[in-house]
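Generate coordinates for the entire structure from the input sequences, incorporating the hints supplied.
Chains as they are written, first to last, in the numbering used here: chain L, 11 to 95; chain R, 8 to 534.
Cβ pair distances, simulated, as ranges:
#, chain 1, residue 1, chain 2, residue 2, range
1, R, G34, L, D67, 22 to 28 Å
2, L, S34, R, A286, 34 to 40 Å
3, R, T170, L, E86, 46 to 52 Å
4, R, H439, L, S34, 32 to 38 Å
Far from chain R, some chain L residues (derived; all Cβ distances over 10 Å):
#, residue
5, V13
6, L33
7, S34
8, D36
9, A90
Treat the hints as calculated values from the structure; they're not laboratory data.
Backbone N, C-alpha and C fix where the C-beta goes; we use that ideal spot for every residue, glycine too.
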Amino acid sequence: MIVVERIRDFLENELKIADARSLSPDLPLVQNGILDSIELLRVVAFLETEFSFTVADTEFVPSNLRSLSAMARFVEKKRAERPSA
Amino acid sequence: MALSLVHLLERSIRTHPRRIAVSVPGGPALTYAELDRASAGVARELLARGVTRGARVGVLAPKSVEAVVGVWGALRAGAAYVPIDRMAPPARAAAVAENCAMAAILGSAETAGAVGAVCRAVPGIASIEIHPALPRGERTLPAALPSPNVRDLAYILYTSGSTGVPKGVMVSHGAALSFAEWGAWRFDVGPDDVVSNHAPLHFDLSTFDLFSSAAAGARVVVIDEETARFPMASADLLENEGVSVWYSVPGALRRMLRMGRLGDRSFPALRTVLFAGEAYPAAELRDLQRALGPGVSLFNLYGPTETNVCTYWKVPPAGSWDLAALPIGVDCENCEGVVVDGDLRPLPDGEPGELLVRGGTLMEGYWGDSELTKKGFIPDFLHPELTDRLYRTGDLVRRQADGNYSFHGRRDHQVKVRGYRVELGEVETALHRTGELGDGAVVAAEVGGPEGRDNELVAFLVAPPGAAGERGLEASLRRRLAETLPKYMIPGRFVFVAALPLTSTGKVDRQALRAAAEGAGKEREPR
Chain L
11 MIVVERIRDF LENELKIADA RSLSPDLPLV QNGILDSIEL LRVVAFLETE FSFTVADTEF
71 VPSNLRSLSA MARFVEKKRA ERPSA
Chain R
8 MALSLVHLLE RSIRTHPRRI AVSVPGGPAL TYAELDRASA GVARELLARG VTRGARVGVL
68 APKSVEAVVG VWGALRAGAA YVPIDRMAPP ARAAAVAENC AMAAILGSAE TAGAVGAVCR
128 AVPGIASIEI HPALPRGERT LPAALPSPNV RDLAYILYTS GSTGVPKGVM VSHGAALSFA
188 EWGAWRFDVG PDDVVSNHAP LHFDLSTFDL FSSAAAGARV VVIDEETARF PMASADLLEN
248 EGVSVWYSVP GALRRMLRMG RLGDRSFPAL RTVLFAGEAY PAAELRDLQR ALGPGVSLFN
308 LYGPTETNVC TYWKVPPAGS WDLAALPIGV DCENCEGVVV DGDLRPLPDG EPGELLVRGG
368 TLMEGYWGDS ELTKKGFIPD FLHPELTDRL YRTGDLVRRQ ADGNYSFHGR RDHQVKVRGY
428 RVELGEVETA LHRTGELGDG AVVAAEVGGP EGRDNELVAF LVAPPGAAGE RGLEASLRRR
488 LAETLPKYMI PGRFVFVAAL PLTSTGKVDR QALRAAAEGA GKEREPR
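The structure is reproduced here in structure tokens:
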């Protein structure tokens, strides 16, 4: 859940989305106009820096980024893929 | 030729009843015969609920087959449809409904909440949910549907208004037809074509998708909001749905090229790509052209909502052009432009001036605002024997000797942000209405963003005496703006200053503000 909270922080503080705190984790963000195309790019750039991985174009798809919970699952998957140091 | 948009549809229903008229990828599809029954059902329901010819009917639904059925249902009831941006705040939707005295709203299960909010804010609006699959209409009356004529309004599109309220651009069946038939003819749309519908319905690009397709008996593929914003998903659709004619803002194509692997795919069905709404960076357009190959023709279309498309430029074959900026092209065959100076005197080729347009696609005027309508038009002084009108676009252009126009900005405070048209005055009015400000002005600054250079709105604000901290004030202003303005109209940056700079004549020095905003604009690395 901590991942979802960090994304909420970003939405609230950087993208200035006023109701970021109360967004339901499963709400489709793009489909419902919470994120527009440019903001979606900024969220992906944030995930890359914040969680130290790169998002391939083939991963820039609705199933990974549709909602807060989809983003969190994607982050966990990317972390699991990373070879442990 | 046809008498009205309804007439166009009815012709294709008769000629191509079994062809697909509208579909969504992986979702429902309706043939022309099915679209006939579904839209007639909606029309009869509207009539049964008291909607009369000329009434305004809102469409507030996600991009879907239902939404298209709703548009045709409203038109077949003899009403003008008014698409409502479902991403806009409820207060804005209610303002639109109230402004045009909407009689009914067509919605869907997904937008029931938003429709309910509008109906509560503006009493007396009938709310109807669109179910295209249900065989409707048999029980209702009357049997015959009204047949609109060329002078009846087909739709009203609301755009940013400089005085602080959105303004409703009224388009008649005659004007809508002039564009739809021109589009079908110019781009040779036929019954075998599959036309994309990328734009939302409240954006005038969608009128080509819906109506030129209907004119041709072609199929329109409706792209939902999510697919439209994920480049890989849009590119998958372009490849897999057999799209032959694509139309969108440049941004969508640029993202598909950069992140949708267009160069690695093949598009055997694709033959024409149209774009409009903002300038396409020339170097990127050359990359797109190479990726799509020589079998695809590209066109840059231009025109404000008030004229729909009025000029077009066919992109020359790859390798044969190296322009730094694209022209907006030559007059459409159903329009004529004239470039004038500040005293409305025609200028010779090569001289920069305002573009005036006459022709078949011109709007009737702004809903409920005869003053603004009067300002938008002047009598056609070139043809004094006619009672024709010229629309003042407010765009500064130059006509070259070959008839192509080049674009050189605006003569007022209208700007484009991510392809959306924004009147800075509307944003400023909304800021002042909060009552939380000493003074303020909004400028569009060209800054580096994730997509390359684009306009960003920057608000310069003077806090009132005794105001709490700037952070708190900014947060409060953002909250208040979000109640009435769509996202793209809310400034990206708020800059607090002691006083606004003034010119020697005492006006706010917008040039100085823009220079300050561009100087301070932090560059973001393009992805």
